[in-house]
Amino acid sequence: MAAGASMETSLHRFVINHSKKETGFLIALTLLSLPIYYITLDIPKNVFNQGILGKGITFPTTVFGVSMDQVGYLFWLCFLFFCSVMVNGAIKQYINTYKGRLGERLLRRLRYELVSRIMRFPLPHFRKVSSGELIPMITAEVEPLGGYMGDAFAQPLIQAGTLATIATFLFIQNWMMGIAAIVFFPLQGYIIPKMQRKVNQLGKERVRAMRKVSERIGEAVAGAHEIHANGTANYERADFSDRLGRVFSIRFQIYIRKGQVKFLNNFLNQMAPLLFYSLGGYLVIQGELTAGALAAALTAHKDMSAPWKELLDYYQQTADSKIKYEQVTEQFRPENMFDEALQVPLSEAPKRLRGDIVANNLVVVDESATRLLDGITAAIKAGEKVAVVGRVGGGKEALAMALARLYLPSGGKLTYGGADGLTLSEPMLGARLGYVAQNSYLFSSSVRDNILYGLRQRPIAPKQREPAAEAERQKFLAETRRAGNLDLDGEADWTDLAAAEIKDPSALSSRIVEVLMAVDLEEDVFQLGLRGTIDPKAHPTIAGRILEARKGLQQRLDDKATEAGMRGLIEPFHPERYNTNATLAENLLFGTPIQPAFEVDRLATNYAVLKVLDQVGLAEKLVAAGREVAAEMIEIFADLPPDHEFFEQFGFISSDDLPEFQAILSRISRPDTPMLPEDRARLMTLPFKLIQTRHRLDVLTPELKDKVLEARQALRASEDPVVKVGVEFFDPDTYNAAATIQDNILFGKLAYGQAKASQRVGKVIEAILNDLNLRSTVVEVGLEFAVGVGGARLAPPQRAKVALARALLKRPDVLIVNEATAILDAQSQARTLDGVLKESDGRTLIWVLHNPTHASRFDRVLVIGEGRVIESGSVGDLQKDGSVFAELMTAAAA
Amino acid sequence: MSIKEEVEVLRNIPLFAKLESAKLKLLAFTSERLTFDTGQPLFQQGDPGDAAYIVMDGAADVLINTPKGPVKVANLGRHQIIGEIAILCDVPRTATVVASQPTTTLKINKDTFFRLINEFPQIAVEIMRELARRLDKTNEQLRQAVTKSGG
Chain A
1 MAAGASMETS LHRFVINHSK KETGFLIALT LLSLPIYYIT LDIPKNVFNQ
51 GILGKGITFP TTVFGVSMDQ VGYLFWLCFL FFCSVMVNGA IKQYINTYKG
101 RLGERLLRRL RYELVSRIMR FPLPHFRKVS SGELIPMITA EVEPLGGYMG
151 DAFAQPLIQA GTLATIATFL FIQNWMMGIA AIVFFPLQGY IIPKMQRKVN
201 QLGKERVRAM RKVSERIGEA VAGAHEIHAN GTANYERADF SDRLGRVFSI
251 RFQIYIRKGQ VKFLNNFLNQ MAPLLFYSLG GYLVIQGELT AGALAAALTA
301 HKDMSAPWKE LLDYYQQTAD SKIKYEQVTE QFRPENMFDE ALQVPLSEAP
351 KRLRGDIVAN NLVVVDESAT RLLDGITAAI KAGEKVAVVG RVGGGKEALA
401 MALARLYLPS GGKLTYGGAD GLTLSEPMLG ARLGYVAQNS YLFSSSVRDN
451 ILYGLRQRPI APKQREPAAE AERQKFLAET RRAGNLDLDG EADWTDLAAA
501 EIKDPSALSS RIVEVLMAVD LEEDVFQLGL RGTIDPKAHP TIAGRILEAR
551 KGLQQRLDDK ATEAGMRGLI EPFHPERYNT NATLAENLLF GTPIQPAFEV
601 DRLATNYAVL KVLDQVGLAE KLVAAGREVA AEMIEIFADL PPDHEFFEQF
651 GFISSDDLPE FQAILSRISR PDTPMLPEDR ARLMTLPFKL IQTRHRLDVL
701 TPELKDKVLE ARQALRASED PVVKVGVEFF DPDTYNAAAT IQDNILFGKL
751 AYGQAKASQR VGKVIEAILN DLNLRSTVVE VGLEFAVGVG GARLAPPQRA
801 KVALARALLK RPDVLIVNEA TAILDAQSQA RTLDGVLKES DGRTLIWVLH
851 NPTHASRFDR VLVIGEGRVI ESGSVGDLQK DGSVFAELMT AAAA
Chain B
1 MSIKEEVEVL RNIPLFAKLE SAKLKLLAFT SERLTFDTGQ PLFQQGDPGD
51 AAYIVMDGAA DVLINTPKGP VKVANLGRHQ IIGEIAILCD VPRTATVVAS
101 QPTTTLKINK DTFFRLINEF PQIAVEIMRE LARRLDKTNE QLRQAVTKSG
151 G
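For the record, the sequence lines run as chains A and B. All residue numbers for the first sequence refer to the working numbering, where the first residue is 1 and numbers rise by one. All residue numbers for the second sequence refer to the working numbering, where the first residue is 1 and numbers rise by one.
No lab work stands behind these hints: they were computed from the structure. Among these hints, one or two may not hold up.
Label-pair restraints from in silico Cβ distances [what the hints assert, rightly or not]: (1) LYS381(A) x PRO48(B): 30 to 36 Å; (2) PRO702(A) x GLY77(B): 28 to 34 Å; (3) PRO48(B) x ASP706(A): 40 to 46 Å; (4) THR38(B) x THR853(A): 51 to 57 Å.
C-beta: ideal position from N, C-alpha, C; glycine also.
When you get a sec, could you build the whole thing from the sequences and use the hints?
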């Protein structure tokens with residue numbers, strides 16, 4: 001489950017609260033490792049004194065009952081040294097891994113906590129913070145904390161312990177040398193923190209300045225239109241260069257000061273060996289110290305510089321990390337956050353939201369302390385249909401958000417069926433209350449997924465896994481819990497059909513269609529479906545039915561009774577006929593390119609295609625045709641200025657290429673010069689783009705077309721694997737996976753130059769699909785349409801309708817619509833209102849209307865102004881002279 | 001029918017008669033060939049005027065809406081140009097035009113038309129000449145009408 005109610009304000013609190021056991025273990029392990037470390041220091045002294053110099057020992061000596069001479073004893077000591085180094089290294093390695101894992105785990109917890117908090121921010125707070133600020137904080141800024149948090153307690157202990165061990169060893173050898181080793185520490189310990197403090201302050205400033213820069217970058221991106229429209233790019237640049245200049249001077253100062261700290265530190269470190277050589281040397285000469293002890297002491301002191309450096313680094317890091325932690329987390333502690341208890345996952349099906357909604361003296365204040373709602377008192381009966389009207393900014397929008405509990409009241413009381421609105425859990429409200437905003441957000445997935453989004457408050461059915469995968473999953477979950485992350489399965493089925501009163505999955509589709517009808521979106525989704533593709537291998541039945549529709553369309557076109565002119569609208573693909581409404585390339589391939597090598601621009605360099613063209617003797621003819629086309633184009637377009645729109649609209653040759661083709665033509669007109677291969681390819685590409693009925697050039701002779709048909713057969717018969725995977729061939733009896741459903745039904749080309757051909761054919765296709773009961777199938781395909789980021793691939797009215805469908809599918813007990821249909825045209829608005837009213841039969845509906853003329857469809861009207869209820873009653877009651885409602889109606893009619 | 005044949009047709013239209021053949025080819029190439037069935041409207045009265053049509057083959061009735069219903073005022077046949085007023089003056093269609101038999105037209109878009117004029121001023125001169133001729137003709141008809149009603 002999620003972490004404690006509030007977030008620790010200090011980094012060390014955070015670490016200790018979430019890693020008591022691990023930290024304790026690390027401390028114990030570190031303490032255990034110190035004696036072993038001591039041994040690694042002590043053995044070299046014996047190696048020197050006893051093993052090499054043979055002092056204080058007589059040979060042969062006996063170790064564990066084995067007699068040894070001096071050389072044997074030397075190797076024995078070396079072996080002991082090796083063992084102690086190995087053990088010491090192993091412990092260190094273990095501690096490091098342990099620390100690393102602890103740090104990563106704590107980082108995961110911190111990030112989770114931060115993301116989790118965003119979902120508890122009060123909504124008005126999002127007017128102040130931008131994703132441009134939040135994203136780098138959670139992703140980049142906290143990244144270095146991961147390493148630090150693992151070290152937070154263990155590192156100082158390890159390094160200080162190592163230092164103390166070395167110092168102890170030195171003191172045991174000789175007290176004066178001990179003092180020499182540590183004499184500079186107090187000095188360093190006093191000066192360096194002082195210098196560091198200034199660096200820390202600069203560090204804080206740097207973070208603030210950089211955050212401001214990212215905020216301004218975000219603005220420059222979001223306001224790109226305004227910058228261009230106002231010609232203020234240089235104004236913005238000047239602002240950025242000032243800000244970056246400030247960041248530069250802060251960073252440079254930090255650099256200088258850090259350098260000073262380092263220099264001083266290194267300098268003092270070098271002073272100690274000076275003492276060793278002088279003092280230690282003197283003692284050895286005097287015979288008060290053995291040479292072995294001095295050698296060991298020198299080694300030991302050299303070892304001291306590493307932990308001492310680490311300790312100082314740790315000190316610097318601690319300061320850095322503390323600042324970072326505080327500066328990040330304070331951004332995630334806005335006032336009036338949603339209580340964590342409100343978002344506790346549901347453990348059972350959400351309870352129905354029955355009874356009246358009563359607002360008593362409700363007050364909502366925005367982030368600048370403006371009263372959006374100033375004492376609203378209203379009761380909405382269960383099942384009542386209430387329209388909310390009022391002037392813009394008068395509080396009607398805020399009322400809708402407060403009733404949906406999206407704005408937390410700062411005063412007064414809100415109850416749903418007697419239950420305190422502040423205690424109802426958000427997943428429960430989310431399941432039983434529908435809210436549609438004016439600018440609803442769509443997530444980047446399919447239409448269907450967006451509509452089902454409203455049913456995902458809790459996992460319903462666990463994901464079925466193989467035993468091995470399940471064991472893996474359990475391990476994964478154990479780690480998830482250790483990091484304090486939510487341990488619900490994101491891969492489980494979260495779609496709660498029962499809450500939406502859908503009995504079984506098979507009934508879902510028809511329910512979705514019902515909802516689409518209600519919000520006037522079914523036709524749009526149908527059209528999306530026609531432009532969608534299906535995989536015939538995964539859906540053989542659907543593919544089969546689409547082929548039926550193809551046959552149906554052809555029959556209808558062949559039917560003598562069909563209105564005259566209908567026949568000419570489509571030119572079907574025929575394996576043995578040249579399609580005059582398709583390009584030459586399409587006629588040649590007679591299929592849809594799957595690989596880019598078969599796109600029209602690359603055909604002339606596709607060796608598999610060239611082979612076939614040569615085989616039927618078409619290649620030369622195409623080059624000749626290309627020559628003719630080039631000559632025609634040059635004649636037609638030569639007088640136009642280079643950037644003229646006609647090139648793009650009508651030409652197959654861009655204005656840049658025109659001179660090149662002129663050059664090619666003059667090159668090849670010279671006698672006795674062989675054509676360059678690239679000239680050949682370029683000329684050959686031109687006729688590939690020709691459409692007979694559109695371009696009406698005489699180049700496409702019957703003879704050439706016959707050759708194309710011959711090449712088509714040859715290409716189709718080709719055994720070349722490149723061809724086999726590169727093209728999906730047309731076949732009257734096969735579904736083409738690479739083409740849209742519409743193209744599969746059409747199986748041909750719309751005839752050029754037939755007035756309104758596309759609309760007329762569209763109507764026929766729709767009629768055929770309806771006759772074959774395929775409409776719902778196509779709608780299913782349309783539901784899989786990917787809406788893009790924020791629903792950008794849908795038109796704004798379609799987005800609004802998807803959001804309405806999402807709310808309706810829940811069959812909510814209370815539906816609140818906040819001017820969501822303002823963007824629709826008048827007819828669609830009326831149809832949507834009808835549909836929603838019908839769907840809400842027996843349920844509570846609160847609709848904030850931007851246009852009060854629709855109010856007559858509701859039981860009651862609340863007129864909101866200045867954050868209060870000004871008038872309340874039926875349209876009949878309110879429509880009298882002098883009422884605010886009457887005024888609003890007059891304003892709407894004007 | 002190919003571009004070459006279309007160029008021949010355009011050459012027979014007074015408005016374009018004096019243009020050199022490369023320009024006529026450009027005009028033909030940038031225009032869309034559009035066919036209409038009997039009874040199918042080319043455009044309706046009140047529609048925005050977005051294109052002019054040249055009848056390549058067939059014929060079309062010009063109808064004007066009156067309180068008593070549509071009244072046929074003219075029938076335009078081969079090689080006649082339809083709807084050029086609307087694209088020149090930016091006014092909605094002043095009449096409905098319906099194909100009176102299967103008809104093939106060359107549709108010249110307003111944008112294409114203006115770009116051609118911008119690029120090749122001699123087209124503009126030809127058009128001015130043609131319009132002046134028509135104005136003269138209309139004035140003549142008006143004079144006759146006035147004299148008739150006055151007399």
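Hint check results:
1. Between LYS381(A) and PRO48(B) the beta carbons are some 51 Å apart, a value that contradicts the proposed interval 30 to 36 Å.
2. Distance hint check for PRO702(A) and GLY77(B): the Cβ-Cβ separation is about 31 Å, which falls inside the suggested range of 28 to 34 Å.
3. Separation of PRO48(B) from ASP706(A) is about 45 Å and conforms to the stated range, judged on CB atoms against 40 to 46 Å.
4. Hint check: THR38(B) to THR853(A), Cβ distance near 45 Å, so the stated range 51 to 57 Å is violated.
In summary, the structure is inconsistent with hints 1, 4 from the numbered list given earlier, while agreeing with the others.
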